[in-house]
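Whenever a hint applies, use it, and build me the whole structure from the sequences.
From first to last, the protein sequence lines stand for chains A and B. Its first residue numbered 1, the first sequence is counted upward by one per residue in my numbering. Its first residue numbered 1029, the second sequence is counted upward by one per residue in my numbering.
No lab work stands behind these hints, which were simulated from the structure alone. Some hints could be false.
Residues of chain A clear of chain B, computed beta-carbon distances all greater than 10 Å [what the hints assert, rightly or not]:
#1 K442
#2 A560
#3 E813
Simulated coverage check for chain A against chain B, where a stretch passes if three residues somewhere in it have a Cβ under 8 Å from a Cβ of chain B [unchecked claim]:
#4 733–742
#5 784–793
Remember, predicted model here, so these are calculated numbers, not experimental data. Every residue gets a Cβ at the ideal spot worked out from N, C-alpha and C, and that includes glycine.
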Amino acid sequence: MSPRAIALAAACAFAFTAGAQDVKVDADTFGGLEARSIGPAAMSGRISSLDAVPGDRLTVYVGAAAGGVFKSTDGGLTFKPVSDKHAMAIGALRVDPKNPKTLWIGTGEPWVRNSVSGGDGVYKSTDAGDNWTKVGLENTERIAKIEVSPQSSDTVFVCALGHLFDDHPDRGVYRTKDGGKTWEKTLSVANDTGCADLAVDPQDGRIVYAAMWQFRRQPDFFTSGGPKSGLYKSTDGGSTWREITKGLPEGDLGRIAIAISPVRPAVVFATVESKKSGFYRSDDLGESWTLQSQAAVTGNRPFYFSHLVADPKNLDRVYKGGTLMAVSDDAGKTWSSLGGSYHPDVHAIWVHPHNPETLLIGTDGGLYQSWSRGARWLFVGTLPLSQFYHVSYDRAFPYNVYGGLQDNSSWWGPSRKGGGILNKHWDSLVGGDGFWVLVDPKDENLVYAEFQGGNIFRIDKTTGEMKDIKPSPRKGEPKFRFNWNTPMHVSPTTGALYFGAQMLFRTKDRGESWERLSGDLTTNDPKRQRQKQSGGLTLDNSTAENNTTIYTIAESPKDANVIWVGTDDGYVQVTRDGGQTWTNVTANIPGLPKGTWVSEVEASPHDAATAFATFDGHWTGDFKPWVFKTTDHGKTWTSLVTLDLKGYAHVVRQDLVNPELLFVGTESGLFASLDGGKVWAAFTSGMPAAPVHDLQIHPREGDLIIATHGRGLYILDDLTPLRALTPAVLNADAALLPSRPGVRLIPGSLLAGGDGNGDNEFSGRSVGEVAWITYYLKKRHVIGDLKVEIYDPAGKLLSTIPGNKRRGLNRVEWAMRQPMPKYAPGAGIIFSGGAFFGPRAPEGEYTVKLIQGKQTHTGQVRLVADPRVTYSETDRKLQQETAWKLYADVERFSHLVAEITHGRDQARARAEKLAKGDALRRKLETLEAALEKQRVALVATQEGEGISGEEKLREELGVLYGNVNGNEGRPTQSQLDRREALLAELDVARAKFEAEAKAFAALSKELQAKQLEPLTRLTEEEWRKTAK
Amino acid sequence: MFRKALLALAGVALLSPASAQTLDEIVAKNIEARGGLDKIKAVKTLRMTGKMTIGPGMEAPAVIEIKRPQMTRLEISFQGMTLVQAFDGKNGWVINPFQGNPNPEPMSPDDTKDAEEQADIDGSLVDWKAKGHTVELVGKEKLEGTDVFKLKITLKSGDVRYSFIDAESWLEIKGEAKRNIRGTEMETEQTIGDYKEVGGMLMPHSLEGGPKGSPMRQKITIEKIEIDVALDDARFAMPAKKDAPAPTGRGAEPPAGLGTGFTPDASRPTGK
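Written as structure tokens, this is what we have:
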């Protein structure tokens, strides 16, 4: 088949399917409209597991709590994500010690705090993380450990903690003997008791220890421990197990961590949670145990820190995870907390097997390296694992984003920054665990931020002044109950601030005083108010289990008297009179299980009677999404859930412009609907399916700001094309879509290069000084042209941009500039950023043509001024005129140099055809020399390895053009004067050349008399064709 | 009518799952889609003229020449100066005038490997066995919403390339490469498109490449492809050095990205 026939067949195949049915909106519909990751990695995020492969260069694998697996092949300095297509919560990560290209990951985090993510089984890679295969145990929800038998790489043990929120049989110890093809459960205790730790004897794979843990998390309570917990041992490679009790505490046990000493595997260490937790040692392969210490660190939050690692060379040295990392140098008799600077809450520890001075630790705040056995630490600044609860924005240009994170305080940083959004661009506020951060709309220097349990502060960003503004009970009022993640809300109509305990508060004086807008809006069920007893064997009242509280607040942007509230015990309440009377509309929601946590109420920006709500049932083991809509103030509700929507729902947003455009953030990522919730598609362009906890739409920019709980913040710039993605567009073969106007950003330093601060820094993606052209392709474009052309109002072609070709949406960037002028060849670069570009197109409307083969689609793009510019219209006009004049000057100069060079080369070529000593030859040689002298006087010609710094008219004119072109304010008087001076030089140079060129005619006659080609002048047209 | 129906059926066949395709069939269909082995092998030289978009609004004229058996030359011009990278079948060399050095210099072994690959006028899938490469079919998958066959090509040098063949047109629409630069693995990707007919063959006129997962992209738009233009072997051989005067004085450094032959910095992790 000829290519033509193929093209024809392809076209016909296309025509055949087109129009047959509506195009299904799916993840690829969004195509090249990519969300950009802006980090931050300044605080990184929780790491639940890690492993490393020693070698000439250390290879490091990091398993993030909700951010997938990251890999470094440069010793743990820079990382790349390697498992983004799969479950994001990594519980266990193990490299096969015998085959370091074989990796095992168990998904679902075992550090079962309140904000913890689950997984979907075990994955294996045999190519060092490039590709992964799911090998089973899908329903285990979370996996605490994976160990490979020292005897056979095909024998692998999986320590499955199992479900956190409900009874489930899929937990305990699983074993494969065929590399993951089949699994057998060999240790199972009960449906509420899972495997919390597992260790295999490094010398004798028949000996395996397992810690079984009875535990449960509820919305309002956590229980660690019970009669079913215990330490188990197998001596037949995990086939049969028996419980070990000798020397261990009497009564109920909680979470146990196990470590076998690689130095002498008969020695086994354990921390055991009990009524009085402690550190135990066995010298007889775990048969009997002796209490070594009950120091506080040995019983430090066992549900969060039961992780022990024995030193590979020193029998007496043991490390333990903890709020601070602890170490014992006497086999557990005494303990010290490690100093130096590192983020508290250590969950994963790796000790270099050959050089135990080198440690890696995974914490709530990322990865750290030590080369001094934990005395001092290096923070690894390249892991964007930040776990945001919420995000917000201000109205600065460019705007800033704000948000609070798990155990990482509250932060703010820029939404865009030339050269990338770096760690150093972020600042923190408050401390503790961070949640909501909101900017006072009337004074954006003031922000409201909080730490857990409703501790709200007003902060002045300019001075750092911080004031506690938490509402407190007045005489006769009950104690206030604030959620771990206490809701704040700024009124879209008045700018007042709302805050929720069991009742709703509002302040109109920046927190100096609070109105009570309601009574108790929750169930006020005393059975759900047990936080003071929460924890099980080890009390753990961190406010994480505070319940019967308001969790979400929304005032209608259309009617300040309509306020919605959702509670963590399942109530949706609404007032239509500014809080005087409240209606509990929960019972009107069809099919929703009673008591399901209200994760979000979104008051429609379009209609006061319309609201959306998401509910989160995972707290009781219901992982389904629940999303509802009401259009009658909550009297009736419709479910918006389809099979395409996956994961329990955290947030719903309705677009500010197109009411049909909806976004939902769930535990399984971001979803979008173009038709009001009838059809949902996962949004995966540019971002992984990390848990999405919050979404905001910037009203001025139309950006969707996405807060993930594990991979930081993403920005989907400019929703304009999504707003226009109608069924008619979706069914068209191709369509140009509108984009927001291109802002002619004040040009930054175009020469700013790397700062040389090293590679230990994540660079968040920014937005360039560009205007976007967005279009839709029903299928990928393969054959024929695909390009975008931009025309000015006079119809002049300004730019041709190569098109992107993906199925779905595509976006190309127009730099708003024409190509740089044509420069004369010289010995070096003209060193001015503005010299690399043509002048920028002025504000106004431009015509866009999308050319796809023979089809042309026409649209518009508008350029607007940067709102920050301070110069006048007159100044900018003068700058534009001067830049264009200099552009022309540069080209006039370049043409002159080309003419000189052309004349020189012709003179030489003709001379070479004449005999030596010929009079005409001599004349031509004289001309050649004269012209070369002229050229050398005009352009830098010093070539060599060094930096010549030579500046002639080429360089001076080029730099002047570049400098004038690089700033859009009024050119300086020096620049204007300099142009006059350089133009005088150019005129002199032109006159000198013309003087020499006068001889051309006479010489040409002589040449023709000798049957030789005459000398010609290089016209401007000819020069333009050949100049590079 | 009959012809129309037939074409429609052909379309259906193209769209139906083709999981039974073997590697040999896929390679054969790719070669056929490009115009057939005879036409491909008859090409003696290729000259591609176009422009390279280094960043938004920053364009540089570019010329790529390839000549059998294994010669290539790339020229990129900027501000009237021209960078040359060439390979004569044995040795690679480069002229990088942006730092004031007009002289050709030999390429590093890592760069030479790349040039050698570029010099394969037929592409690595043609006669891959004879060339000493290994090609495996990884499988059929979706690439940005389009059905593709993913091929893993292990070059004779040991470097790995992935080629994504569009399951409908059988043309390559994307390539990925893993390069080992001084012991560090660098992954790049390249989108291939705008296939147009040249001398009875379909040739791509748009190439867009950069570090994998990074937004940094260099786009090459080919405006003209000439087949069998006369290209002297001397164009590919390293010329003699000019006599360079001793450097004097000092001036400014060239901007990042230009002094290094347009190689973007791939080492910093970037958002995506």
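Quick rundown of the hints versus the structure:
1. K442(A), annotated as away from the interface, keeps every beta carbon of chain B farther than 10 Å; the closest lies near 33 Å.
2. With a least beta-carbon separation of about 38 Å from chain B, A560(A) lies farther than 10 Å from that chain, consistent with its non-interface assignment.
3. Distance to chain B contradicts E813(A) as a non-interface residue, since its nearest Cβ pair spans about 5 Å, not more than 10 Å.
4. With 0 residues having a Cβ less than 8 Å from any Cβ of chain B, the region 733–742 of chain A misses the three-residue criterion, and the hint is violated.
5. Figure legend: the region 784–793 of chain A, annotated as covered by chain B; annotation consistent (4 residues with Cβ-Cβ distances under 8 Å, at least 3 required).
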